[in-house]
Amino acid sequence: MGQTLPYRCHGDGPQRVVAIHGWFGDQHTFDALLPFLDGSTFTVALPDLRGYGEAIEFPGEFTIDEAAHDVLDLAAQLGWPTFSLVGHSMGGKIAQRIIALAPDKVDRMVGISPVPASGVPFDPDTAALFQRAVTEPEARRQIIDGSTGSRYGSPWLDKMVWYSTTHSHEPAFAGYLASWSGDDFHAEVAGAETPVKIIVGAQDPSLSAEVMRQTLMQWFPRSELTVFADAGHYAIDEVPIATASEIENFLLAG
Numbered sequence: 001m002g003q004t005l006p007y008r009c010h011g012d013g014p015q016r017v018v019a020i021h022g023w024f025g026d027q028h029t030f031d032a033l034l035p036f037l038d039g040s041t042f043t044v045a046l047p048d049l050r051g052y053g054e055a056i057e058f059p060g061e062f063t064i065d066e067a068a069h070d071v072l073d074l075a076a077q078l079g080w081p082t083f084s085l086v087g088h089s090m091g092g093k094i095a096q097r098i099i100a101l102a103p104d105k106v107d108r109m110v111g112i113s114p115v116p117a118s119g120v121p122f123d124p125d126t127a128a129l130f131q132r133a134v135t136e137p138e139a140r141r142q143i144i145d146g147s148t149g150s151r152y153g154s155p156w157l158d159k160m161v162w163y164s165t166t167h168s169h170e171p172a173f174a175g176y177l178a179s180w181s182g183d184d185f186h187a188e189v190a191g192a193e194t195p196v197k198i199i200v201g202a203q204d205p206s207l208s209a210e211v212m213r214q215t216l217m218q219w220f221p222r223s224e225l226t227v228f229a230d231a232g233h234y235a236i237d238e239v240p241i242a243t244a245s246e247i248e249n250f251l252l253a254g
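Note that my numbering has the sequence shown beginning at 1, numbered continuously upward.
There could be a bad hint or two in this list.
Claimed, not checked - Here are the simulated distance ranges between beta carbons: (1) Glu170 with Asp104: 35 to 45 Å; (2) Ala127 with Thr4: 17 to 27 Å; (3) Pro59 with Thr166: 11 to 21 Å.
The hints are simulated quantities; they were obtained by calculation from the structure and are not laboratory data. Heads up, the beta-carbon is just placed ideally off N, CA and C, and yes, glycines get one too.
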């Protein structure tokens with residue numbers, strides 16, 4: 001693929017984890033969790049995907065498949081023959097793609113409001129809103145607000161929108177949208193033996209517990225689901241201590 005993703009590491013423990021951000025984030029998506037993850041137990045690599053953060057100028061196809069190969073290349077550079085994955089939203093779909101490509105390399109996976117490997121069937125109005133989000137900050141704000149139950153005020157929404165627009169490249173944002181919403185490779189993960197933890201917020205109307213029961217929990221026989229009542233799509237920010245504890249407990253159960 002030509003370029004290794006820029007990344008940083010949290011901790012120096014023996015449990016190796018790659019944390020993959022979502023459509024609205026970058027490697028700093030996980031910052032709220034890091035104080036609550038045991039750095040003597042875990043080494044967490046936090047990359048920026050192409051078109052985001054320190055990789056904002058990286059060229060690419062901006063697809064789920066490309067991102068999965070990039071993460072595998074990063075793990076190889078780190079000298080990690082096996083590792084666990086944590087993925088938020090789009091990052092959860094990338095994690096599933098990695099399992100499809102290299103199941104023997106993935107010890108465990110945690111998906112936080114993960115996009116299913118089958119994609120997301122948008123109705124016309126929702127599809128138009130997400131397309132507008134590529135160029136219109138107000139559309140990004142509407143998506144973030146709706147995915148958290150319209151419970152938060154302007155300061156948080158403004159920060160999320162500002163961060164997204166200033167830390168992502170529009171062509172990448174558009175490319176990933178087409179890929180995470182449209183690509184369907186669920187047949188390639190159906191029956192996978194990788195243990196999977198799914199975390200969702202009850203205030204997220206789209207990637208809900210019921211959607212997870214109909215998708216990931218059908219494909220991964222060794223999956224389990226945690227629902228946070230007081231969170232939406234951004235459990236990492238909304239309930240960071242509880243999210244970190246769920247991740248640690250699950251990854252250490254192997």
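- Message: Taking the Cβ atom of Ala127 and the Cβ atom of Thr4, is their distance within the range 17 to 27 Å?
- Response: violated, 34 Å
- Query: Does 35 to 45 Å hold as the CB distance between Glu170 and Asp104, or does it fail?
  - Reply: holds, 37 Å
- In this structure, is the beta-carbon distance linking Pro59 and Thr166 contained in 11 to 21 Å? holds, 20 Å
When held up to the earlier numbered hints, the structure conflicts with hint 2 and nothing else.
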